[in-house]
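Engineer: Sequential numbering from 1 applies to the sequence shown in the UniProt record's numbering.
Since the hints were derived computationally from the structure, they do not count as laboratory data.
Simulated crosslink set (DSSO-like; lysine-lysine; CA at most 30 Å straight-line):
(1) LYS88 with LYS506
(2) LYS688 with LYS588
(3) LYS375 with LYS307
(4) LYS356 with LYS745
(5) LYS275 with LYS352
(6) LYS375 with LYS425
(7) LYS275 with LYS356
(8) LYS621 with LYS745
Ranges between beta-carbon positions, derived for each pair:
(9) ASP693 with PRO363: 46 to 56 Å
(10) GLY741 with VAL513: 46 to 56 Å
(11) ASP331 with PRO198: 24 to 34 Å
All figures in this text were calculated on a predicted structure; none of them were measured in a lab. A virtual CB, placed ideally from N, CA and C, is assigned to each residue, including glycine.
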Amino acid sequence: MPAKGKKCIFSKNSSPLLFLLKFRLSKRKRMKSVLIIASSLVVLSAQGKTAGPADSLKISKDISLDEVVVTATKVAKGTPVAYSELTKDELNRRNDGQGIPFLILQSPSVIMTSDAGTGIGYSGFRIRGTDANRINITVNGVPVNDSESHTVFWVNMPDFASSVDNIQIQRGAGTSTNGAAAFGATVAMQTQKSELKPYAEYSVSAGSFGTVKNMVKLGTGLLQDHFVFDARYSNIQSDGYIDRAKANMHSYFASAAYYGDNTLIRFQTFGSIEKTYQAWTGVPSYLLDSDRTYNPCGEYQEDGVTKYYQNQTDNYQQQNYHLTASQRLSDLWNMNLTLHYTHGAGYYEDYKGGAKVKDYKLPLYIDSQGDTIAKTDLVRRKWLENDFYGAIYSANYRGERLQFSAGAAINRYDGDHFGRVIWAKQSNNLPVPDYEYYRNTGDKLDYNMYAKANYQLHPNLNGYLDMQYRGIHYTIEGSDDKAGDHVNVDKHWNFFNPKAGINFQKGGHNAFVSFSVANREPNRDNFTEAGRDERPQHETLYDYEAGYGFGNSRFRIGANLYFMDYSNQLILTGKISEIGEALTSNIKDSYRMGIELTGGVEITCWLDWSGNLTLSRNKIKNFTESIEVYDADWNFLREDHNELGTTDIAFSPDIIANSMFNFSWKQFSASFNSQFVGRQYIDNTSCKDRSIDPYFVSNLRVGYVFKPKFMKEIALDVTVNNLFNEQYETNAWVYSAIVGGERYKEDGYFTQAGTNAMARVTFRF
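Produce the complete structure using the sequences and hints provided.
Structural biologist: Following this line, the structure appears as structure tokens:
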């Protein structure tokens, strides 16, 4: 980020960088190619005019070099989209170890969940009731969502917030971006900007459940008027609130940037190594009042004694590489190219008691009595190794009345899924060590192009138009993990996603209306876990939005109305596969509608309040429940169908409310935040005994900053989460059937920690 009083300017007489990318390379050549391209870009930039110390640090009046990189994917003022933003300072205040889902919790319509109950490790969030695999998430415009599952595994990005400059949350279909379509929101993260002065920072946090976080950041500042280097390393360890839900996560971030008079070349890499004990199945409802930390993962019986497998863990590592070139062509035009590559590899290991040997392609075991043993205890590892790579390009025009962006992206994903049995109780069951019992590939080619314009029709009125084409080719080939059944998927989709709106601004008033269309392809599970007669189809969203806001130096209010009309939405229906896994199916008609209210007031110069309230209805029209019927010995009889009419969409509360008080006096600060979340049904039957109770949770943070002469500052803060010890759950699952004429139910609820605390000290130099 340029120093105060200095600006960065691209000279008009420098040649633009033009790129033509065909990035479908073998795995062995990819990193070599990235390094060659990086070297070439640096050479190209060095051939341009070299600016002096003052000139090289100038920026345009509106857009810094760092901000140019994400201009095409972020919402600017005057765009008819409902959005909110979190700044670097806001993220730093909240960041004492929890993941991104916890840090954005106070944003409108956002709720979060954590498997371990602490916000550390496996966690996620929903926006407007929409789950993570329908939320488009990017880092500097690069897609983060997994190409097959469409979700983001935040456990693979521990403490990433320490390297983030800002987060923008677009609610609804949002603007055209890269990656999977936004079916509820877009979360656009921009990494930290370059610092012109050298700096160092060390932070340590410690608190409940054996949680410890260490983080160190370093930066060189500006070197030789052109170069800046930044780096971070973090380690987070926690025992978790849930039994044995331990986490040990390492992460890093590094950036090298070259600033020319009209060019920015930046290479960034970030990644992680995580090992977490599984806490994926929740607490059965009958134990919620007596044993809220119970974790059945890894449980097995030996000689009548209950034991737990100690290595029932998830193990994964991921490395991300981004190479970005940003070129200013004139005072009005700029262009950007980003090449990216992500490699991930890991497995989860679990103990399977009484597993059928035929499901693992193992030979039958003949015991000493001559009896055939068709079941055995075993330990398996299910692996995923993948590569994601591609190129993203954009050109941006910023005129007095017209703002225009056009861009394109091509991304390729290669995934290998395979499973190995590493131990069996009857050792001669294993033909070879680490016996592989299934393997399949998932490959995806995703490409898009878009153009969007915001034109000033009148001094107070803007018109917005956004057109996107997106194409996908997805294949799955090989044997799957269900007794080695063959799976073969080969699908093509072509989507056109238009968006349009009008925005009015005058004085402190702002109003907009918009209409958007979004299409989304099914994910991997929709194919591999589908029933025999299931034929997954793509989903379509028609999003209608209208908003109003008013603000001045001390007061602001806002209201946003939305109606999200879905065709063929893929949601949980209660159907199960042949092995008992919950399925999703296309529902012809469903919708989400509501109002989002926001407000804030500066009560005094040292105290302010802000809050938001979402009131919504989330419905399925003409829902039919399908339920399997068994006799008393669990022999399948038939499938019954119950016509239930209009029902609530699962995990979509009718009310979400947030309240935030912030106090600041000289070097002391404090905040008091509260959230209320209404009832959430965990299937689509609107049955109360299959729901998550409403909850109200408050958090308190106090901090003090010392300013010693020998360093920049020492910051101390203490956070008390769940101040009033609310006993609550944020996620759940349920399986239901008719067995012997009676309703049978099996479930799991993800309980969250009661009152807990974290203390942090940060040294800044």
